[in-house]
Every structure is written in C-alpha cells, then in structure tokens.
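Undergrad: Here are the chains, one letter per residue:
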Amino acid sequence: MNLNKEEKILEIKDLSVEYTTDEEVVKAVNHVSLSLNKGETIGLVGETGAGKTTLALTLMRLLPKVSSRIPQGEVFFDGADLLQLPESEMRKIRGEKISMIFQDPMSSLNPVLTVSDQIGEALALHMDLTAEEKEKRIDEILRLVGIDEGRKKDYPHQFSGGMKQRVVIAMALACEPELLLADEPTTALDVTIQAQILNMMQDLKNKISTSIILITHDLGIVAEICDKVAIMYAGEIIEYGKVKDIYEGRDRHPYTVGLFGSIPDLEVESHRLHPIDGLMPDPTKLPHGCKFHPRCPRCMEICKTMQPPEYVDGTHMVHCHLFHHEQPLG
Amino acid sequence: MPDKKILLETKDLKKYFHTPIGDLHAVDGVSIQIPEGETLGVVGESGCGKSTLGHSILRLSEPNSGQVLFDGKDILKCSKHGIRKLRTEMQIIFQDPYASLNPRLTVSETIAQPMSVNKLCRKVELEKRVLELMDTVGLASRLYNAYPHELDGGRRQRIGIARALALNPRFIVCDEPVSALDVSIQAQILNLLMDLQEERGLTYMFITHNLSVVKHISNEIMVMYLGQCIEKANSKELFKNPLHPYTQALLDAIPVPRLQSRDKERKSIKGEIVSPIDPAPGCRFAPRCPRATAKCTERDIPLQNVSENHQVACVQFDK
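These protein sequence lines are chains W and Y, in that order.
Residue 282 in my numbering is what sits at position 282 of the first sequence, and the numbering runs on without skipping anything.
Residue 175 in my numbering is what sits at position 175 of the second sequence, and the numbering runs on without skipping anything.
Among the hints, erroneous ones may be present.
Unchecked claim - Covered by chain W, per the in silico footprint, the following chain Y stretches (three or more residues, Cβ under 8 Å):
hint : region
1    : 160 to 174
2    : 186 to 195
3    : 239 to 250
Claimed, not checked - Simulated restraints on C-beta separations:
hint : chain 1 : residue 1 : chain 2 : residue 2 : range
4    : W       : S33       : Y       : S179      : 30 to 38 Å
5    : Y       : L251      : W       : E135      : 38 to 46 Å
6    : Y       : G271      : W       : Y155      : 51 to 59 Å
7    : W       : P71       : Y       : S179      : 33 to 41 Å
8    : Y       : G271      : W       : S107      : 37 to 45 Å
9    : Y       : Y144      : W       : Q72       : 24 to 32 Å
10   : Y       : L131      : W       : Q72       : 41 to 49 Å
If you're looking for bench data, these hints aren't it; they were derived computationally from the structure.
Bear in mind that the values here come from a model prediction, so they are computed numbers and not experimental data.
The C-beta atom is built at its ideal place from N, Cα and C for all residues, glycine as well.
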C-alpha cells in the first residue's frame, strides 16, 4: 500500500484547541496534523488528558461553545473545511458521514426511549425512508451488531453493558458513515465482551469499508485492529506511523518506549515494570521545549529549550531531538 | 506448600444477597489459602463476586456461612471488639481512588485517621508518622495539607495505600487498585506495591480483572466465575497450561501489544455472564462453554487436583 496514492478522506492541518476558564487557558490540542485514508483504521493512543477526546469532539464540532476556542487549524473532510461549515451543514454530516461511538455505553443512551427509537432517529434525520423501510433497516443493523431484532422494543436498562455498547455502535453505523470516531469503545467492558466487540468492528470494517479513528490507551487493541498509530502526549502527536513502525521500529519516541514498558507482558518474565516517572504536565502550564522533557529518561539540553521538529523516515514520523542525525547525540 | 505458614485461609465461604426474586449467590463456597508474604491473585469478570469475596474476608459484608481463618483464628467468630483489633492487621485498598477518600479531609488527616481511631500513636508523633508514610508511598511532603480534589488518580491511590499501611498490617486486600489509572501510573503503583511487599513481608489478596497485571504480581492465581472458584494454580502454570475452558477464553481475549498475534484467530466465547440469582446446579459456565455436554449440568462439579499446584473444576478433569 502506497500511502500517497490512497484516497484521503480526512486531513487535519495544524489544529489547536483551547479551553478557557476565568483564570487560565488550557491548551488541550496543540498543532496536530493528521490524515486518514479511505478504509483505514488509525489508533489514537495516549493517557488521560492527552487531548484524544477533545480532538474527536473537534471533528464532530461538539466542543462546548462557551469554554472552547479553536485558535488555528483546518479539518478537511470530503474537500470541505469542517471548521468553517455553518451548523446547518454540519448537522447533515454529523451522524451520516461522520459518527461517533462514545466511551461510556451506560450514559450515552437515552433511558426513556426504546433501542429502535434511538437507532431510528439517525435514519429519520438523514435518510429518506418510509416507515417500513426504516424498520427493515433497524432490523438489519441490529443483526449486524449481533442483537436479536426481537429486542428492538426494549429499553437500555434491559441490556447488559456489552449489549448497550452494541446498541451505541449500531446507532453510529446506522447511516453507514464514511468516518467513525470510536472513543474508547471497549474500556468499560470485560475482556471477553471486548473481544466480541473488537471482532465485530473488524468485520464491519471489512463489510462497509468505513475509516475508523480508534481512541484508546490500550496498545494491545491497537496492535490487533489498527493500520496506523498516532501517539498523543500533552495535546501533540509525538509519533505517528504504520503499526509496524511503532511496534517494531528502531527509532521510537522515549514516551512510546515508556508506554510499552508500563504494560506487564504476558509472555516475558520480568520482576519490575519500567514505567515513565512523573506525571503528565499541567495543560495550563506546559513546559518549554519538548513537552515530554521533564519525564524523559534521555533528556538533553536542547530538549529543554527547543521544540523538536518532525523527523520523518519513510512512513514513520517522530518529534524528538534524539533522531536529529546531523548533530552528534548529547 | 507444606512448609510455608498459611496466614489467611477461607473454608467454604458463602455470601448470598437476598433479593425479591431469589438469593444472589455472590460468593459460593470459596476456599483459599494464602501463605505469609505471598500474593493470591483473584481474577474474573464484573459480577463474578471477587470484590464481595474480599469484603467478606474482612467482614465488611457479613458472610452467610463458612470460615475465615487469619493466623489460625476464626474471624467470623470474633466479637465486635475482637474484629476491631484484627482490622489493624488486615487492611484494604479500594478500587476507586476518587470515591474512597473523604473529600473533606486533607491528605494528612486521611492517613492519620486509622492511627488515631486505634489510638496507636500519640498526637506528637502523629505528624512524623504521617510524613514517614507519605514518604514510603512516594507522596511529596508539600501535599500534607492538600485535599483529594487537588490530586490526580495516581496520587490519590497512593493516599489509599498509605492509609492501608498506617496500622502496619500483615495482610492487605487490594481491590482493583490500579484499574482506574493510566498505564504509566498503573506501573508506578504496581512497582510500589511489590516493593512494599518485599520490605515488609506483606501478604496480598490482589483482586483484578486485568490478567496481565495479575500475572505480574501474583504467586498463585484463582479464576472466579459466578461466585465460584473454577481454577486455581501457580501463576506461571496457569498462563502456560490453562485447563478450564473459561480460563482459556479469558487468556485468549487479552489483546497483546505485539503484531505477531494479529492474524491469530480468536476463539471468543459467545454470550454473557448469566444471572447469579438462584443458579442452576452444575457448571455455571456451561451455557457459554464451547465444549459443554449434558454431563456438565447434571451435578455440581468440585475442584479437582490435576497436579500439585493446579486445581480445576471441570467435568473433563473430573475423576
């Protein structure tokens, strides 16, 4: 697969997002650029507060109006800049062309509507269907996510966590979106149920060739279903590449190395884990230079003052001074 | 393990909750033995009774029947005064670092509370002791007067650990102590718990749903399903040679952060955990089991020894 020849479906250019409070400005997303091809799955990995969900909400234009601001950046989807579209246009895209699976299946369903009503809502808004066609489509989509259509008149509380998450996925897929944003779709679920949902998402990807942005902190899930990976730290994408580059590549960002070191490995015996020391920086007072330098085990003088530029090696991009080869390593 | 001293033992422990539609079998006849200075990992999916087991052992919820022996003494027969004394030796670290701290108490007050309640420490020494504990768990002394809402999850969990250590316990129930934390913080806390065990010879019962964590920290692992122990083995043995179909499915379902495992076909089990209210006799996993036969539901299947350090409750191994 040649990256350049693929059809680009989404392109984010130099996007920043801030939240403002009375006292301070929280820089949630900083200069993020990212592109996604048709049918591709990209894993967006990072810890709590890295800005993953903010990025997804920006794409959906669902950021809180009062407290958020987008100082710069463009998001091209199907040739149009999503950030410039009027709300009426955006409503046509949201749910039809781009849809989102929210993290918590328990709280993202309406408790007083039946499951079929909730799936039907997106269909009624975006597709011109007769009542009969709509019911047929609801049955079809429920079967697709593995729920018996006999349960479509049930309310959310009658379903278990895993089943609710399937309903949420069914809602997101109802209009066969071109782009699916899945925000930690399995974090709230047990491993066996997680395996079922991941298998299902894999099948769906093959069937309707949706592009997926999968937000997660689980590197295991990424290894299983993603084509590309973007590692986020303090609002920036610090490393980006094909899964092979990130999992087996040579020059990896020290943060990525730390993330891998934090996971107890099932196949290797080790007495101690090798976590990253310290905590994520306070997003209201981000450090100068490389945002990771206070926690970095290989921090050099230059890291404290200068923001590392992009170093590209084929499909692999990393923001780290260590890989600046013209200069001897400090 | 005949030569090791058993610190905590349960015998056929049962905890049922009464509900309008029947008895909920949360813990149904669990027998465990934890040698001093070792860790027993308890794994299972949500609703399998692992937290209830931990709570029952500490009598935070009163078991219906069975025995809990701590250092040879039956805890369930202890008087209220006796149990209070015993609790200085048995502590718990709770799952949710956000919900298990009193928002109105500062870090130092939270850590000092168990010591003042048990009158273990004179007021003048209290501050010194609290600072010592904060140092042990890696909390900066400037946080002495901070409130929980000012701290992140990892630091809050460290407060929970300091509070549990305050009374110098010998046994700690760790109820999913890292599941609410980010991976890099998770690793820091796991390392801390292991260091403390080494320094102080602590005995842990480590409850979690995360199998990679449990393998990392445990000597022995017990797998629970719907209130029952279905497999128990030495940690290495369990991962190398899982025998119960449920254990196999659980291990198979873990996403491994390696690319080689990508093409592996998953044998994911179908369906979900059935209701724990008045369960039918026989193997409780049978409705989801790919290898279930009529034999499975005929009668209850006891734990069987397959080898010295390995027990399993499955008809395939029933003699």
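Undergrad: Would you mind marking each hint as holding or not holding in the structure?
TA: Evaluated hints:
{"no.": "1", "hint": "160 to 174", "verdict": "violated (count 0)"}
{"no.": "2", "hint": "186 to 195", "verdict": "holds (count 6)"}
{"no.": "3", "hint": "239 to 250", "verdict": "holds (count 3)"}
{"no.": "4", "hint": "W:S33 - Y:S179: 30 to 38 Å", "verdict": "34 Å, holds"}
{"no.": "5", "hint": "Y:L251 - W:E135: 38 to 46 Å", "verdict": "41 Å, holds"}
{"no.": "6", "hint": "Y:G271 - W:Y155: 51 to 59 Å", "verdict": "21 Å, violated"}
{"no.": "7", "hint": "W:P71 - Y:S179: 33 to 41 Å", "verdict": "36 Å, holds"}
{"no.": "8", "hint": "Y:G271 - W:S107: 37 to 45 Å", "verdict": "24 Å, violated"}
{"no.": "9", "hint": "Y:Y144 - W:Q72: 24 to 32 Å", "verdict": "42 Å, violated"}
{"no.": "10", "hint": "Y:L131 - W:Q72: 41 to 49 Å", "verdict": "47 Å, holds"}
Going through the hint list in order, the structure does not satisfy hints 1, 6, 8, 9.
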